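Enquirer: Everything in the sequence shown is counted per the UniProt record's numbering, starting at 1 for the first residue and increasing by one.
Read the hints as simulated data drawn from the structure, not as lab findings.
There may be inaccurate statements among the hints.
With beta-carbon atoms standing in for the labels, derived distance ranges [stated by the list, open to error]:
(1) Asp18 to Asp136: 43 to 53 Å
(2) Leu12 to Lys138: 50 to 60 Å
(3) Met1 to Glu97: 19 to 29 Å
(4) Ser33 to Ile77: 26 to 36 Å
(5) Met1 to Ala176: 15 to 25 Å
Nothing here was measured: the structure is a model prediction, and the numbers come from that model.
Every residue, glycine too, gets a C-beta built ideally from N, C-alpha and C.
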Amino acid sequence: MVNNLCLHYGPLIGHIGDQPFHDFPEPEALTGSGVESHLRVLGFGYRAKYIAQTASIVASKPKGWLENLRNQETFDIPFEGEIPAGGRPGYRKAHEELLELQGVGPKVADCVCLMGLGWGEAVPVDTHVWQIAQRDYKFGKGKHKSLTKATYDAIGDHFRGLWGKEAGWAHSVLFAADLKTFSDKLVTKVEIKVNEVDIKQENGDILEKEVAVKREYRSEEMEIKEEEKVTIKCEGGTEEIELEEEVEVFQPSARSVRAKRRKL
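Using the sequences and the hints, build the whole thing.
Expert: Written as structure tokens, this is what we have:
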């Protein structure tokens, strides 16, 4: 759909071979009387009406209207204060004004605020994000029966309380990690088991001791140390042995730690 929008209404940038490339259209290009019907022909369905109406609204706004909704924070002068409930005033203003556009609800407005206008505390919420908040972040499970405006705002504030002005980007990582495409690749934990094996000669003297260690690893503890040691008690005192790690990061069942065999 985006390609069709650019191809039919965006200015030509140039050609690569015989292939034309067009820029994204300005709102004014989508304000003609036949735009809605043409968009339906191009396969936009119910979106055609919203696109045509919203383009007309944006085109009627003062010049620079959308740019003025942008977060003016810069990397060299970052915002250092606490994020208030509901987000900073600039974010709230941008969100409210975007909601005036046809076909734009709270989630879409927050997507634009986060990804287009630089408001990092904007948290786009849907039922999937709501489930993550309840399941993993102790967000009032059972208290909220449906995703009302009050629940939507409360979830956003819950994440803003955890991650401040970067709550929106943190939420995006959680959302992506919870998708089946990525969740299958996450390591959650491995059982902890320690087994000791004595290797003896016929006279009963212990020559070597081998230790196989499996420890619990959570996804946030995936940094692997090059060497670790474990202390083993034996008749002559104690002995430290180095551990080698055999790791297949995306297969938890294969993650194990095995000790080097050393004569005692």
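Enquirer: With reference to the structure, classify each hint as holding or not holding.
Expert: These are the hints, each one checked on the structure:
1. Asp18 to Asp136: 43 to 53 Å: holds, 51 Å
2. Leu12 to Lys138: 50 to 60 Å: The hinted range 50 to 60 Å holds for Leu12 and Lys138, with Cβ atoms some 53 Å apart.
3. Met1 to Glu97: 19 to 29 Å: holds, 25 Å
4. Ser33 to Ile77: 26 to 36 Å: About 46 Å separates the Cβ atoms of Ser33 and Ile77, which means 26 to 36 Å is violated.
5. Met1 to Ala176: 15 to 25 Å: Check passed, 22 Å falls within 15 to 25 Å.
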